[in-house]
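Enquirer: Sequence:
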Amino acid sequence: MSSRPNDPQTAIRAITARIEPELIEIRRDIHAHPELAFEEVRTAGVVARELAKLGIPHQTGIARTGIVGLIEGGRPGPVLAIRADMDALPIHEQTGLPFASTIDGKMHACGHDIHTTTLLGVAAVLKELAPQLAGTVKLVFQPAEEAIGGMQAMIEEGLMEGPAIDMALGFHNHPNTPVGSFDYTRGPGLAAADEFTVTVHGKSGHAAHPYSAVDPIVAAAHLITQLQTVVSREVNPMHPAVVTVGAIHGGEACNIIPDSVTFRGTVRTLHAAARDTAEEAIKRLCAGALDGLRVRCDVNYRRGVPALINDDKVLDPTIAAVRRQFGDVAHEKGPSMGAEDFALMSQLVPSFQLGIGSGAPGRDDKLHNSAYQPDEACIGLGVQALSRAALEILG
1 MSSRPNDPQT
11 AIRAITARIE
21 PELIEIRRDI
31 HAHPELAFEE
41 VRTAGVVARE
51 LAKLGIPHQT
61 GIARTGIVGL
71 IEGGRPGPVL
81 AIRADMDALP
91 IHEQTGLPFA
101 STIDGKMHAC
111 GHDIHTTTLL
121 GVAAVLKELA
131 PQLAGTVKLV
141 FQPAEEAIGG
151 MQAMIEEGLM
161 EGPAIDMALG
171 FHNHPNTPVG
181 SFDYTRGPGL
191 AAADEFTVTV
201 HGKSGHAAHP
211 YSAVDPIVAA
221 AHLITQLQTV
231 VSREVNPMHP
241 AVVTVGAIHG
251 GEACNIIPDS
261 VTFRGTVRTL
271 HAAARDTAEE
281 AIKRLCAGAL
291 DGLRVRCDVN
301 YRRGVPALIN
311 DDKVLDPTIA
321 AVRRQFGDVA
331 HEKGPSMGAE
341 DFALMSQLVP
351 SFQLGIGSGA
361 PGRDDKLHNS
371 AYQPDEACIG
381 LGVQALSRAA
391 LEILG
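With the working numbering, letter number 187 in the sequence shown gets 187, and the count goes up by one each step, no holes.
No lab work stands behind these hints, which were simulated from the structure alone.
Quick caveat: nothing in here was measured; it's all calculated off a predicted structure.
Note that CB positions come from ideal geometry on N, CA and C, so glycine has one too.
Worth double-checking, as some hints may not be accurate.
Claimed, not checked - Within a straight-line C-alpha distance of at most 20 Å, the following computed PhoX-like cross-link-like pairs (lysine-lysine) qualify: (1) Lys-366 x Lys-106; (2) Lys-127 x Lys-53; (3) Lys-283 x Lys-313; (4) Lys-366 x Lys-333.
Said to hold, decoys possible - Pair ranges (Cβ atoms, derived): (5) Ala-287 x Ala-253: 28 to 34 Å; (6) Arg-363 x Ser-212: 57 to 63 Å; (7) Gly-96 x Pro-178: 36 to 42 Å; (8) Arg-323 x Ala-247: 40 to 46 Å; (9) Gly-362 x Pro-76: 15 to 21 Å; (10) Leu-70 x Gly-246: 22 to 28 Å; (11) Ala-247 x Ser-370: 16 to 22 Å; (12) Ser-204 x Asp-312: 54 to 60 Å; (13) Pro-78 x Ala-287: 47 to 53 Å.
Produce the complete structure using the sequences and hints provided.
Expert: The following block contains the structure:
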């Protein structure tokens, strides 16, 4: 184990054991009162109350409901941001738990209640161990991750400054990883997420006389099939990519060819070159429909968050800290084509997102599911892992 003074392993375990029952109560309270993106007023109030009890200076109202707290170490050094998201999802909970959502149609089905509570636990531990830190910990409680807008809004309102962030540590509970284990990915960990909307303009007419019309439904069907060749025939096969059409709307009656059809989709990529290739190909295929299918296409392609890039400068000391705290419980895994806006921080400073196992024994839970039940033991384990990482990085 580490030869650092004051035995950080034992100290972190002891503090976490002392506060864990209260953390679980906080988590259950937040879980019972879920709030959607930029609506996290009550949740932010809980965070502010707990930070005030710990004597941690903090600023509220960043990006409407975001909160940033500061823990200054005993010696000067860099600024490490640790980020948690706070928002829930528009899902009706079906867990039957005694602390289930009290609000119809809203649920913490991604575990952001776990994340918020875990960071509060980290705040408590690091506040006690602050004299051992050489630098500052910036506690970032972010709204609106599910809407992919909260991090950008916080950055625009000065998150990265005052004091300037030098590196960032994020985390997410993973139900496909057993509780007690941790996972990590080197390099691109989560995908860039873009969206596109295509409106196919034809010419309406009677379904019995298609030769007198220009059918946008048939054209849209051809285009959607063609879009499947973007990944299979244009993107480098060593660069993972996904093009999925998730919605299509057109027509009102079985005997009328409509004037237009609209379909919408998403593009997920891990590499910048694949992202550029996919966007260009979608626009080119749609433009070509004018000559081939006699329809005109309006294409609205919107770039979302970039890929989340895990930097070894933060990853390596974090994983080393987890292993010092728990033993050989951290395992490397491949990237995911999911996306989230912690990626915006990874574009600005060296960053890493740690996966914290939340899979309960005997269950096979999935994120964004109405019956999702993470194992609450992941809260205390996450507190220990992140606190030890902060001590190692700012040691």
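Enquirer: Is 57 to 63 Å right for how far apart the beta carbons of Arg-363 and Ser-212 are?
Expert: holds (58 Å)
Enquirer: Within a Cα-Cα threshold of 20 Å, do Lys-366 and Lys-333 meet the stated pairing?
Expert: Holds. Lys-366 to Lys-333 sits at ~17 Å (cutoff 20 Å).
Enquirer: For Ala-247 and Ser-370, compare the CB-CB distance with the range 16 to 22 Å and indicate the outcome.
Expert: holds (21 Å)
Enquirer: That 47 to 53 Å hint for Pro-78 and Ala-287 (C-beta), does it hold up?
Expert: holds (49 Å)
Enquirer: A range of 40 to 46 Å was offered for this pair. Does it hold for the Cβ distance of Arg-323 and Ala-247?
Expert: holds (45 Å)
Enquirer: Take a look at whether the Cβ-Cβ distance between Gly-362 and Pro-76 falls inside 15 to 21 Å.
Expert: violated (49 Å)
Enquirer: With a cut-off of 20 Å on the C-alpha distance, tell me whether Lys-366 and Lys-106 pass.
Expert: Within the cut-off at roughly 17 Å; holds.
Enquirer: Given the hinted pair Lys-283 and Lys-313, is their alpha-carbon gap at most 20 Å?
Expert: violated (38 Å)
Enquirer: Is the hinted pair Lys-127 and Lys-53 satisfied, with a Cα-Cα distance of at most 20 Å?
Expert: holds (11 Å)
Enquirer: Is it true that Ala-287 and Ala-253 lie within 28 to 34 Å of each other by Cβ?
Expert: About 30 Å separates the Cβ atoms of Ala-287 and Ala-253, which means 28 to 34 Å holds.
Enquirer: Does 54 to 60 Å hold as the CB distance between Ser-204 and Asp-312, or does it fail?
Expert: holds (58 Å)
Enquirer: Verify the CB-CB distance for Leu-70 and Gly-246 against the hinted window 22 to 28 Å.
Expert: About 41 Å separates the Cβ atoms of Leu-70 and Gly-246, which means 22 to 28 Å is violated.
Violated hints, in rising order: 3, 7, 9, 10; the structure is consistent with all others.
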